[in-house]
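In order, the protein sequence lines correspond to chains A and B. Residue 165 in the numbering used here sits at position 165 of the first sequence, with consecutive numbering throughout. Residue 562 in the numbering used here sits at position 18 of the second sequence, with consecutive numbering throughout.
One or more of the hints may lead you astray.
With a Cα cut of at most 27 Å, we get these calculated DSSO-like pairs of lysine-lysine [stated by the list, open to error]:
hint, chain 1, residue 1, chain 2, residue 2
1, A, Lys-77, B, Lys-554
2, A, Lys-97, B, Lys-554
3, A, Lys-165, A, Lys-248
4, A, Lys-248, A, Lys-37
5, A, Lys-494, A, Lys-216
6, B, Lys-631, A, Lys-77
7, B, Lys-554, B, Lys-631
8, A, Lys-77, A, Lys-97
9, B, Lys-631, A, Lys-97
10, A, Lys-381, A, Lys-325
11, B, Lys-554, A, Lys-429
12, B, Lys-631, A, Lys-37
13, A, Lys-97, A, Lys-165
Because the hints were derived from the structure by calculation, they are not lab data. This structure is a prediction, so every number in the text was calculated from the model and none was measured.
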Amino acid sequence: MYQYDKYDQGMVDARVEEFRDQVRRRIAGDINDDQFKPLRLKNGLYLQLHAYMLRVAIPYGTFNSVQMRKLADIARKYDRGYGHFTTRQNIQYNWIKLEEAPDILAELATVEMHAIQTSGESIRNISADQYAGAAADEICDPRPWAELIRQATTFHPEFSYLPRKFKIAVISAPEDRAALRWHDCALRIVRNGKGEEGFEVYAGGGMGRTPFIAYKIRDFLPAQQIFSYLQAILRVWNLHARRDNIHKQRMKILVHELGEEEFRRQVEEEFQTFLALATDFPQAEYDRIAAYFTPPPFETGLGDEIDRSDPDFALWVDRQVVAHKVPGYAIANISLKPIGGIPGDISAEQMDIVADLAERYSFDEIRATHAQNLVLPHVRKADLYAVWQALDAAGLASVNLDLVTDIIACPGLDYCSLANARSIPLAQKISERFANMERQLDIGELKIKISGCINACGHHHAGQIGILGVDRKGTENYQLLLGGSGAEDTSQAKITGPGFDEAGIVDAVERTVERYRELREPGERFLDTYRRVGLDPFKEAIYG
Amino acid sequence: MRILTGNDLKSGAVIWWTGHDWSLHVEDAVDVGEHGEAVLAAEDGARRVNGGYIVDAEATPEGPRPAHIKDRIRALGPTVRPDLTLKPADPTAGDWVI
């Protein structure tokens, strides 16, 4: 994985000291809250319901055991013993004190971490396939490109005062595990007929109050021209964005107001300007970055056999372990969704255990997923049983990847100052309702995503079953949506009808699931059945 | 009744106006009537509160109960982590929120 050079370290260290001075001036009264707020947001520090919240960047979801142990230390020393993995592959802490925030950032800097651009009107953490560098179906490791883009855009003056936040994802596999087309700009690495690598480029996606699925605006962009093209996209948006209206500032609004063709035309025009300026990365720079992502020293000649004599272990392997590109190795998914638990939450002690397992069994690599789980990307199949035993002892061996209890949920009204309704209690109740393992497996893939407000941090638009919490005259109310997808078959979920109270929405989810079981044909996932029969049979079950 | 709340500047903790100071406990909050804006302006200027605002609340024998669930959650703590609320030993504390 990437390692800071002296320039990276110098920039991050300087940023910590700059923020330390900003905090000092705020506490001393030299600057007021209006002046301080944009400064703290540039460093990932929010003010939430109960305290300040610090969101720490995990670029493209990749980190190591030293970093995970530092995150655990911070949870113990500065927070309340836990952290929360987010839908942008980041981690956030809910109980931060302003006066301690600079010390936390200083500690993060010692392990090459920071909170820069995890908030504010900036290019946010660039996300990627959590299986990058390990997936059996990928063309190449997308992370060198994600890292190059991260370096080129961080602190870039043109991107420091964007109209609104801007989200980028990079993948290189046909299976979309990164919700690609829900991003402002999405890049899929492909090969053309000559075997050359390039990008399919998508633009104009996003969730929030006005959801849009990104258009493909380029079938093939030569890989070495990516920075010119990305600058062209951002330039067009920066020039024309609706800065007068906060609800229309995201690039998705511009793309859809201009129309796909006109947006593409303007981007291509700007692209020619940037090409002429020769601002793209030289090959040597790509090679320098790519060297950090050289595959680990995998052993050769390993067998693919797994001793499945322990039935609980076999169950975990069947659901949580997926194919690795190297024979004898596997990708192990760690669920942060125990039955009745809080999606994405992990205690400091559990962080330490995952760090130990990564160091011992996964070439010191950990991945955070946008679905709020973790991954050990490079585990020898012969070591899976030992890994499972350790996870099981730590309460981290839940079996539910992509099942009905693998629920994405934003922090909701329990923590978030923007939320209108609580999300986590719903996730807990649905999880408990469907706790039976046999029933979960019978239902099969079913992705439930819950947001506590229209900002859609819980990705409800992309939920096969989505839930949106709203404020209805001071009480929580929940809308049910069906048919969304964040995968390669991207689709936007549709609202079923009138909303429900907390108990009612859990019942409505169960009626939806049971109607699916009645209607499905052999081999159909929930989403397949929904797409075949449409909304009406489900509405009948829900409201009938 | 109308009560005042905000967050402590340094810690971020939720605080409530007692008439002469700020408390972590909503039970200590007093009715500010029509004087809320003036108190907030003075307290914000003195950096004793951050992001202060006025909350409608119901007077109950146990003390003020904010009208909106968001402020009741702020007053107690996250409903999903009773151990992290201001009343971790009271298993029924969450009922007050809902």
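Against the structure, the hints come out as follows:
Restraint check for A/Lys-77 and B/Lys-554: the C-alpha separation of about 17 Å stays at or below 27 Å, so the hint holds. Taking the CA atoms of A/Lys-97 and B/Lys-554, the gap is about 6 Å. The hint holds against a cut of 27 Å. In summary, the hint linking A/Lys-165 to A/Lys-248 is supported, as the alpha carbons are separated by about 12 Å, within the 27 Å threshold. A distance of roughly 22 Å separates the Cα atoms of A/Lys-248 and A/Lys-37; the hinted pair therefore holds under the 27 Å criterion.
Distance hint between A/Lys-494 and A/Lys-216 is fulfilled; the C-alpha atoms sit about 22 Å from each other, no more than 27 Å. Between the alpha carbons of B/Lys-631 and A/Lys-77 the distance comes to roughly 22 Å, so the proposed pair stays at or under 27 Å and holds. Distance check on the hinted pair: B/Lys-554 and B/Lys-631 sit about 23 Å apart at the alpha-carbon level, within 27 Å; holds. For the hint pairing A/Lys-77 with A/Lys-97, the CA-to-CA distance comes to about 11 Å; that is within 27 Å, so the pair holds.
Simply put, B/Lys-631 and A/Lys-97 have alpha-carbon atoms about 21 Å apart, close enough for the 27 Å limit, and the pair holds. For the given pair, A/Lys-381 sits about 12 Å from A/Lys-325 by alpha-carbon distance, which is consistent with the 27 Å threshold. For a cut-off of 27 Å, the pair hint linking B/Lys-554 to A/Lys-429 is broken: about 36 Å separates their Cα positions. With a C-alpha separation of about 31 Å, the suggested pairing of B/Lys-631 with A/Lys-37 is violated against the 27 Å cut-off.
Note on A/Lys-97 and A/Lys-165: the hinted pairing holds, with a Cα-Cα distance of about 25 Å set against a maximum of 27 Å.
In summary, the structure is inconsistent with hints 11, 12 from the numbered list given earlier, while agreeing with the others.
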